[in-house]
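Protein chains in written order, with my numbering: chain A, 7 to 573; chain B, 7 to 573.
Where hints are given, some of them may not hold.
A pair counts as met if it fits within one copy or between any two copies, since identical chains are not told apart.
[Stated by the list, open to error] Result set (SDA-like, lysine to any residue): computed pairs, CA atoms no more than 25 angstroms apart in a straight line: (1) Lys310 with Ile293; (2) Lys297 with Asn345; (3) Lys310 with Glu508; (4) Lys310 with Glu572.
Since the hints were derived computationally from the structure, they do not count as laboratory data.
2 protein chains.
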Amino acid sequence: MAAAFSPAAAATALRFLKSFSGASPPLFSLFNNPRLTHSVAPLLLFSSATVSRQQRAFCSVVSAAVSSGEATKPEPAELEKGARVREFRKKFKIADIKGGPDQGLNRLGENLVVRGWVRTLRVQSSVTFIEVNDGSCLSNMQCVISSDAEGYDQVESGLISTGASVWVQGTIVASQGSKQKVELKVDKLVTVGTSDPSFPIQKKRVSREFLRTKAHLRPRTNTFGAVSRVRNALAYATHKFFQENGFVWLSSPIITASDCEGAGEQFCVTTLVPTSREATDSSVNAIPRTKDGLIDWSQDFFGKPAFLTVSGQLNAETYATALTDVYTFGPTFRAENSNTSRHLAEFWMIEPELAFADLEDDMACATAYLQYVVEYILENCKEDMDFFNTWIEKGIIARLSDVVEKRFVQLSYTDAVELLLKAKKTFEFPVTWGCDLQSEHERYITEEVFGGCPVIIRDYPKDIKAFYMRQNDDGKTVAAMDMLVPRVGELIGGSQREERLEYLEQRLDDLKLNKESYWWYLDLRRYGSVPHAGFGLGFERLVQFATGIDNIRDAIPFPRAPASAEF
Amino acid sequence: MAAAFSPAAAATALRFLKSFSGASPPLFSLFNNPRLTHSVAPLLLFSSATVSRQQRAFCSVVSAAVSSGEATKPEPAELEKGARVREFRKKFKIADIKGGPDQGLNRLGENLVVRGWVRTLRVQSSVTFIEVNDGSCLSNMQCVISSDAEGYDQVESGLISTGASVWVQGTIVASQGSKQKVELKVDKLVTVGTSDPSFPIQKKRVSREFLRTKAHLRPRTNTFGAVSRVRNALAYATHKFFQENGFVWLSSPIITASDCEGAGEQFCVTTLVPTSREATDSSVNAIPRTKDGLIDWSQDFFGKPAFLTVSGQLNAETYATALTDVYTFGPTFRAENSNTSRHLAEFWMIEPELAFADLEDDMACATAYLQYVVEYILENCKEDMDFFNTWIEKGIIARLSDVVEKRFVQLSYTDAVELLLKAKKTFEFPVTWGCDLQSEHERYITEEVFGGCPVIIRDYPKDIKAFYMRQNDDGKTVAAMDMLVPRVGELIGGSQREERLEYLEQRLDDLKLNKESYWWYLDLRRYGSVPHAGFGLGFERLVQFATGIDNIRDAIPFPRAPASAEF
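Take the sequences, apply the hints, and build the full model.
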């Protein structure tokens, strides 16, 4: 509030802010009503003339005048009955005006209220244009205010600036401009919260690198607002797809002391070191130790070392072999020290697991899932997708439409190797059967051989895949599959799981893994084992795929990476 | 597979298992078809007579006979085109038969396939009843098999036992029994996976304490199957409610190095101690230290101490002040050493945050949300709710119906204290204005004063509430609210947030909190601050409230508590 604005204007704003107290509940119920009648509106508008010095008195006036008749504080006599809770109403937002097919033309002549944050301000000789955004859609509401409107003094005094929050009442009129069909002819304007001139996101374009240092403000930009909405739509479409197909959502555990995990770098979760504020000056000697100088894990919270999960798959298998079809959607972690645009230390994963299913069913499910969520955003996030198509990745809508319409291609690892060996192209990494495919190989197959169509490669050599994958009859490969998509590369990885106890035990032995640690996982094969399969999808990769955003740190609200866990 | 069954029968089962290889894809596409025609069915059924010794050969026969015409492995000539991925179809399940209003009577005469796990087996002189459950609903499919059915030898040989997985084909007929309307008259039975006699969940009832040690198998019981489905429905209804009301789902970070958290015991997340398998013998001396003997946090993954989040609220506020209405739904953590039936170290929280909203809006939203999700499960989980009503908490349906129908009551903390002071009852903890309400007080208010109706207590003394809550005009209380419900007690806690920079800074000073740590949180008040409010709800508490399950460890698939992080 250290902004340099005139004291009089500041007083108006502060008075408004102060009026939001527990004692003035009917105020916001009116805010929920998009069509304010003129008879009550003047009471809400806090021009200097109508606001008394005593805020409580003012609030009482408003309360008395606009109260719906329900007491919000009970009289002593009716105390035992208690007061009722107000009815909830969906908030009226800019998307409700501009989000429809006619972009607001159906509301011409309506008098209504818009609340949001000022994106830009253009002062012209006769009128001023204020672009207001409330995050409900990409579009701003263009508010046109002339000098005779109530509250115009706030424009003159500089109270209204980029970043400020405002409450605007006016009439929907056809717009003269070409950028929008309608605009709001302002009757009254109220500054809800001013914006200090230091506001770091001014009109000029700022880099996404810079915005990562302002993760708390970046959702107020076009790009991050759009990413947030599309990310939300992808998450909801994920739930819709699995729910409509009879899958049960499962929360797999985040902290695990199970010895089954192991692959990949894990974060340790502990209470042995002093927590929170004192942590920075914690002495190593304060850590409990055994007489041999080892960390005394028996004194830790879980009585033994515990870690952040790297996958919920093994847990999902336990539920799939009871409920048939399940999926997880939750955070997973990798303590990999890789500071790249493709890796996060904390990311969300979707891991469906299907019982009575083989690799073919798994691929079919992965394909249907991806097509469903992509179609969902193309239909439900048109404006944001147009934005990405114009500003982030030209052609992304065509690329995604292809994904929805084309049937995906599958081929075996062996066939893929054959294709690579006969390719008229030299690769940095030479190809031999048994090698892991590098991204240059994957790109060649998806982009050059199959022209941008998603490709599933299946039946990988068992030595480059996880222990739990089902061994194929050839004894050399496992029923694994990776789905490769243009731009992102591997988006989905899955497999049929080894459901045969003797094969699984053999595999654990071969890999010198401790069978006792896997007792519960092996139990699933002892008691009513069934063929089952599943896959995992990194949600932020999906957001990248669907928005064209280059850096994975821009696909999640608060990215975690080496040396980076702010906010 | 160490079960004591006859070698011949075992061979049948193993052959069946082996046939689920990557080479037999059309098998499962038929499995997806609920109405097998008799012309293809015999090919699927693996009686000893039709299965050749060569599995590959057998699979080829099946493939050739029932293939839809699409090659699943490309011929060399068409390699570059790739093979297509099979089409995904929703799996046909027992809920599709018994879940409708007529409980299967609409399918009389249909020939179809059921797959699931054997719950019980009753051998009678002429027929055998096998109860099969696939987790899609509480109901088993009662399969009636007589000695002339194909595969009956597996019953005689003991291959079919509790816990075994089966594939059953037959005809839906009216049931003679009173427990179900229809049953499956079995034509053919196949053991998919046998169950070792050590299967720990036999017909006799087992305690929920015991089942916690078998968390990987407990979803195969009636109680945990029902809890899983209702938990799933509550989660989906949560998303539906917020999505339908224009809220954006936000993934708040799990790992945080922000100094804003603090309150409550936190888990430390670190890579300074050796990870995973070697962790049990890790030397304290291996931990990097500064020359002063302190832990050298600069060498940790995030370059400073990092913790598991206790709440996503502050992060949600950053997005609410850009997108207006948001909600989180993700895991949160408490390292509290309390081994009770009410606490978990890891639990899921739902935290909505509403901009341009005050405490009245917050209470209205919390109430509407709770009513929506409760109504959703009453409508969509009837069978499971009847089960809870009969076996877990008598009267729970009436209690929940009340919640949907009644308008919730609100009263101020001051009024609540007044009620308690004049109560004709002695409390263990004496009541004075300023004290924290104990559960005996809360119970008195919800159960005795308001007869079981949910009650919201609001406007608590500021000294017993968090720093970020908005100060009321009286200078003594803050705009906080707690929703109390019968049985569970506090289910929801929320507040209007302090949006006035000067008040918030003053509060941080009063509490001797370091303002610099809160720079980004304070920024929200510097740049377009708006009145906003939100609440938090512990998801497992909601599951308890909605199912009547006593112990919170039974409301989450894999509970984490002191000394307990198995599976």
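Hint check results:
no.	hint	result
1	Lys310 with Ile293	both (14 angstroms within a copy, 17 angstroms between copies)
2	Lys297 with Asn345	neither (39 angstroms within a copy, 28 angstroms between copies)
3	Lys310 with Glu508	neither (30 angstroms within a copy, 46 angstroms between copies)
4	Lys310 with Glu572	between (29 angstroms within a copy, 10 angstroms between copies)
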